[in-house]
Amino acid sequence: MKFNYQDNVNLMMAFSMAMGWSEGELKLQKLLHVPDLDNPTSSMLTPQASSMLQRAPLLAVGTLDDQGHPWTALWGGSPGFSEPIGGGFIGTRTLVDGKYDPVVQALVGGSPKGEPLQPKGGGKMLSALAIDLVARKRVKIAGSMVAATVREVGIESADDAELPVDVPKTQDQVQVVTKVEQSLGNCPKYLNQYELRPAMVIPSLVSEGPSLGPEGRALIEKADMFFLSTAAPTDMDTNHRGGPPGFVRIISPTCIVYPEYSGNRYYQSLGNLHYNPLIGVTFPNYETGGVLYTTGTAEVLVGTDAAQLMPGTNLAVKINLTDTRFVAQGLAFRGERKVNGASPYNPLLRTLASEGNIKSTFSSNSRKTAKLINKTLLTPSIARFTFSVSDGLSYEPGQWIALSFAAELDTGYSHMRESDPRSLNDDFIRTFTISSTPTARTKTAATTPPLDKEFTITIRALGAATNFLLQQNPQAGLELPILGVGGDFRILQPRTTDDEDEEGNTEVTPFIAAGVGITPILGQSRTLDFHRTRFRLFWTIRAADIHLVVDTLARYEGLAGATTVFVTGCQDTEEGEAVKSVVEGAGAGVRVRRLGKGDLETVGARKWFLCAGEAVKKEVLAWLEGREVVFEDFGY
Numbered sequence: 001m002k003f004n005y006q007d008n009v010n011l012m013m014a015f016s017m018a019m020g021w022s023e024g025e026l027k028l029q030k031l032l033h034v035p036d037l038d039n040p041t042s043s044m045l046t047p048q049a050s051s052m053l054q055r056a057p058l059l060a061v062g063t064l065d066d067q068g069h070p071w072t073a074l075w076g077g078s079p080g081f082s083e084p085i086g087g088g089f090i091g092t093r094t095l096v097d098g099k100y101d102p103v104v105q106a107l108v109g110g111s112p113k114g115e116p117l118q119p120k121g122g123g124k125m126l127s128a129l130a131i132d133l134v135a136r137k138r139v140k141i142a143g144s145m146v147a148a149t150v151r152e153v154g155i156e157s158a159d160d161a162e163l164p165v166d167v168p169k170t171q172d173q174v175q176v177v178t179k180v181e182q183s184l185g186n187c188p189k190y191l192n193q194y195e196l197r198p199a200m201v202i203p204s205l206v207s208e209g210p211s212l213g214p215e216g217r218a219l220i221e222k223a224d225m226f227f228l229s230t231a232a233p234t235d236m237d238t239n240h241r242g243g244p245p246g247f248v249r250i251i252s253p254t255c256i257v258y259p260e261y262s263g264n265r266y267y268q269s270l271g272n273l274h275y276n277p278l279i280g281v282t283f284p285n286y287e288t289g290g291v292l293y294t295t296g297t298a299e300v301l302v303g304t305d306a307a308q309l310m311p312g313t314n315l316a317v318k319i320n321l322t323d324t325r326f327v328a329q330g331l332a333f334r335g336e337r338k339v340n341g342a343s344p345y346n347p348l349l350r351t352l353a354s355e356g357n358i359k360s361t362f363s364s365n366s367r368k369t370a371k372l373i374n375k376t377l378l379t380p381s382i383a384r385f386t387f388s389v390s391d392g393l394s395y396e397p398g399q400w401i402a403l404s405f406a407a408e409l410d411t412g413y414s415h416m417r418e419s420d421p422r423s424l425n426d427d428f429i430r431t432f433t434i435s436s437t438p439t440a441r442t443k444t445a446a447t448t449p450p451l452d453k454e455f456t457i458t459i460r461a462l463g464a465a466t467n468f469l470l471q472q473n474p475q476a477g478l479e480l481p482i483l484g485v486g487g488d489f490r491i492l493q494p495r496t497t498d499d500e501d502e503e504g505n506t507e508v509t510p511f512i513a514a515g516v517g518i519t520p521i522l523g524q525s526r527t528l529d530f531h532r533t534r535f536r537l538f539w540t541i542r543a544a545d546i547h548l549v550v551d552t553l554a555r556y557e558g559l560a561g562a563t564t565v566f567v568t569g570c571q572d573t574e575e576g577e578a579v580k581s582v583v584e585g586a587g588a589g590v591r592v593r594r595l596g597k598g599d600l601e602t603v604g605a606r607k608w609f610l611c612a613g614e615a616v617k618k619e620v621l622a623w624l625e626g627r628e629v630v631f632e633d634f635g636y
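So that you can map any letter, position 398 of the sequence shown is 398 in the UniProt record's numbering, and since no number is skipped, the others follow by simple counting.
To be clear, the hints were calculated from the coordinates, so they are not data collected in a lab. Careful, some of the hints might be misleading.
What the hints assert, rightly or not - Cross-link-like lysine-lysine pairs, in silico, PhoX-like; alpha carbons within 25 angstroms at most:
hint	residue 1	residue 2
1	K99	K113
2	K359	K318
3	K222	K318
4	K453	K375
5	K453	K368
6	K359	K371
7	K338	K618
8	K222	K618
9	K371	K453
10	K580	K597
11	K169	K113
Just so it is clear, the structure is predicted and the values come from calculations on it, not from any experiment.
Could you put the whole structure together from the sequences, leaning on the hints where they help?
Written out as structure tokens, the structure is:
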């Protein structure tokens, strides 16, 4: 097709004009204490942007509908559907959902198929993001759509064979010419890797309206990315947000919220929301081709406002949805997430305060500190630490304590940090199960029970905070702020004949521990009956950590007789026999193999207790389906 855009092409400048920050961008930068920055946005289509447009297999496109609401669409599937056509213009031609795609509808409106539309007044405002999820590269562009059309194209099989009955004979193809007025390369952070391939568009409208339907909710709950568009008076911005699956939380059927992770601090999307709170957010399902389009009103939450809703977050965006649309098979591509394709910059999942996020109980005003006074190395990576608390500490058996390492480990802002990507979003607050038992005390009306002056934690060095702790000399006087004590993971044993089973046997209490998952038992040892008829411990551990087992069984009388240890990671038969001899010498049963489902079937208990990492927890929960399983979650 031909459009009369050549006059505009001839007037395009061949160099980029310096651009300042908008009022909204400056407001966010000031609010978040960002030092003065130059705006790197180019006022033209840069060579970088031009190259990326030709190589990117995916283009997120944003525009406004007739009511001024932003929407975002996802086009593409393979490289080469967008390219520069001279003078700062780009042409895009790709298959789309011509029926339900809100961006296609906004660009061509009710124009008959095949007829070009040329908006009056210089074009229709548009923004886009060319993105390669595998290469983790992206470039933003903004400008105006100067011409567009949608037409039907025929579909032919590769070998000229007749198409199956359920395959459409035609597809809708959009063609768009865009005048680029801004372009900017973005960083690779939070881009989870998906390999894309073209697919047929066979759209079906599943749900629409202001409330999320079941399909939309399910997609958001597992989504690890979305694409958003925002608008200021004279331009738009389309970008990507990514994180761990479920990083967007659902507050209600008409309200969602997501955390803003550490970025380049330009705040172009959030700056637009200062002018205009309207936002368009789209969630793709790469596996099925389903897509959730949403538009709504955003509220930027900063500092305490963000933390109250989503503890552990300093900046968040809450979106009140005004319209949603879930379309099955509405995307012209499918994708598979690469093995180990999660971005190394993704932080741990942050849940809402209303979902039980324990950080909502932390107090930043607490003046209590814990001073390291003793360290006992149990294995090369596991140690027991004893801390003193000068003004005393009150805690119950099995509770956790939250300590802040920020003063020791937080090095401040940096844009990228390849050596430790997760640290960019780390608050350096850690929770540990207290492995010591509190002083026995009785509270009466006339007396206040004494506070404990010391507590102990037993930990494995896995990350920045625990590795730092493992390197400390108790003589150095390390003190860490205590932000809170809490938790209710209590191992409750039946005590009376009222709890007997149908055959008159008092039910045993089984506990499954992986590695340092033994710590809840240690903190509650005074309240537990370790007789084998009353308690059973299934403990899986690596051979390298076997001395944790030996130390524990020696310190807690009676526990060995109720314990079966499952040892993994032995280098050879000789090491396996040596480990077996050590554990048997401590009085426990031992199996030099992985814990299996059959091992648990020897105990017919109705209620089980579990403390393990995610992989073991998932496996055990599947084995014990139909039973009540109370578990301590490592994902604080």
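| task | Given the hint that K453 pairs with K368, test it: the Cα-Cα distance must not exceed 25 angstroms. | result | With a Cα-Cα distance of about 12 angstroms, the restraint between K453 and K368 holds, given a limit of 25 angstroms.
| task | Take the C-alpha atoms of K359 and K371, compute the straight-line distance between them, and say whether it is at most 25 angstroms. | result | holds, 22 angstroms
| said: Check the hint pairing K453 with K375 against an upper bound of 25 angstroms on the C-alpha distance. | reply: Distance ~17 angstroms between K453 and K375 Cα, so the pair holds.
| field | Pair hint outcome, K222 versus K318 [Cα-Cα no greater than 25 angstroms] | value | holds, 18 angstroms
| task | Verify the proposed pairing of K222 with K618, using a straight-line Cα cut of 25 angstroms. | result | holds, 17 angstroms
| Restraint status (C-alpha distance of K580 to K597 at most 25 angstroms) | holds, 21 angstroms
| said: Please verify whether K371 and K453 have alpha carbons no more than 25 angstroms apart. | reply: Since the Cα atoms of K371 and K453 sit roughly 11 angstroms apart, the hinted pair holds (cutoff 25 angstroms).
| Quick one, are K359 and K318 close enough, alpha carbons at most 25 angstroms? | Holds. K359 to K318 sits at ~19 angstroms (cutoff 25 angstroms).
| task | Would you check the hint for K169 and K113, treating anything up to 25 angstroms between C-alpha atoms as holding? | result | It holds: about 16 angstroms lies between the C-alpha atoms, which stays within 25 angstroms.
| task | Quickly compare the C-alpha distance for K99 and K113 to 25 angstroms and report which way the hint goes. | result | holds, 12 angstroms
| Does K618 lie within 25 angstroms of K338 when you go C-alpha to C-alpha? | holds, 21 angstroms
Checked against the numbered hints above, the structure violates none of them.
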